[in-house]
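Asker: Sequence:
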Amino acid sequence: MARIVVIEDDPTIGGGLASALRVLGHDSRWCGDGAAALKCIEEAPADLVLVDLGLPDIDGFVLCRTLREQAPDAVLVVLTARTGEMDVIQALECGADDYLTKPFRLAELQARVTAHLRRAAPHTPGAAPEIRIGSLVIDRAARRCLTAKGEVALRPREFDLLVRLAARPGEAVSREVLMSEVWDENWFGPTKTLDVHVAALRRKLGSLVRITTLRQFGYRLENPEAPSGPEGRPGTV
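FYI, in numbering that gives the first Met the number 0 the residues of the sequence shown are 0 to 236.
No lab work stands behind these hints: they were computed from the structure. Beta carbons: idealized from backbone N, C-alpha and C, even for Gly. Among the hints, erroneous ones may be present.
To be verified - DEER-style ranges, computed between Cβ atoms:
(1) L145 <-> P10: 44 to 54 Å
(2) G133 <-> E42: 35 to 45 Å
(3) A114 <-> S18: 15 to 25 Å
(4) A43 <-> K148: 17 to 27 Å
To be verified - Here are the simulated lysine-lysine pairs, DSS-like style, with alpha carbons at most 30 Å apart:
(5) K191 <-> K203
(6) K101 <-> K38
(7) K203 <-> K148
My request is simple: use the sequences and hints to build the entire structure.
Answerer: Here you go:
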């Protein structure tokens, strides 16, 4: 059972979502505005938060940033009627892990919630507990990314994406495979979320890793032990 907070100013939608999630066995709470949600999550940490961007008291993007700081380990899913690509990018850059536009099917939302919660701790029994890429140590069991200068704070999906790319350095991985294995095998939304997360990894890890963009295909995390050439230079999102 997961603790889920639904932030939605429409009582019909918010109450309905909370009830549907309780039927699935989750401890779900509905909050009608941002202030109530922040207080609720402060009192009891949430595993997953559903956020409507059009709230009456707090700008949705500001709320996403605040939630990411207050609940760094929670999965943050935006539910909104805004369909513009820039809205999607801004929400993801403000800390959201997923973006779902209204109207949406309840079955789709339930599938995404289940997938996100399943991936919250993706350590696989029998897999190597640590992955080393140069001076970078990825501790899968503890979900920590360590360097000689200390730990690098990664959001849950950023960590999952790094683990997938680093598991086989030098291997090209398609966008479809990354979306399927890191997010959800039944992903319905835009793959721009992948680009934003790759950009975040590049920004946070700097020269510790090199992630190359393979245009019209996907990404490759370069093997630090392999010779460096023109294709070994980091790509751009």
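Asker: All hints are to be evaluated individually against the structure, with a verdict given for each.
Answerer: Structure-based check of all given hints:
The supplied range of 44 to 54 Å is met by L145 and P10, whose beta-carbon atoms lie about 45 Å from each other. A hinted range of 35 to 45 Å holds for the C-beta pair G133 and E42, which are about 42 Å apart. About 21 Å separates the C-beta atoms of A114 and S18, a value consistent with the hinted range of 15 to 25 Å. Roughly 34 Å separates the CB atoms of A43 and K148, a value that falls outside the hinted 17 to 27 Å.
Our distance criterion of 30 Å between C-alpha atoms is met by K191 and K203, whose separation comes to about 19 Å. Between K101 and K38 the CA atoms are separated by roughly 26 Å; this keeps the pair inside 30 Å, and the hint holds. As the CA atoms of K203 and K148 are separated by approximately 13 Å, the hinted pair is consistent with the 30 Å bound.
In the structure shown, a violation is registered for the earlier hint numbered 4 alone.
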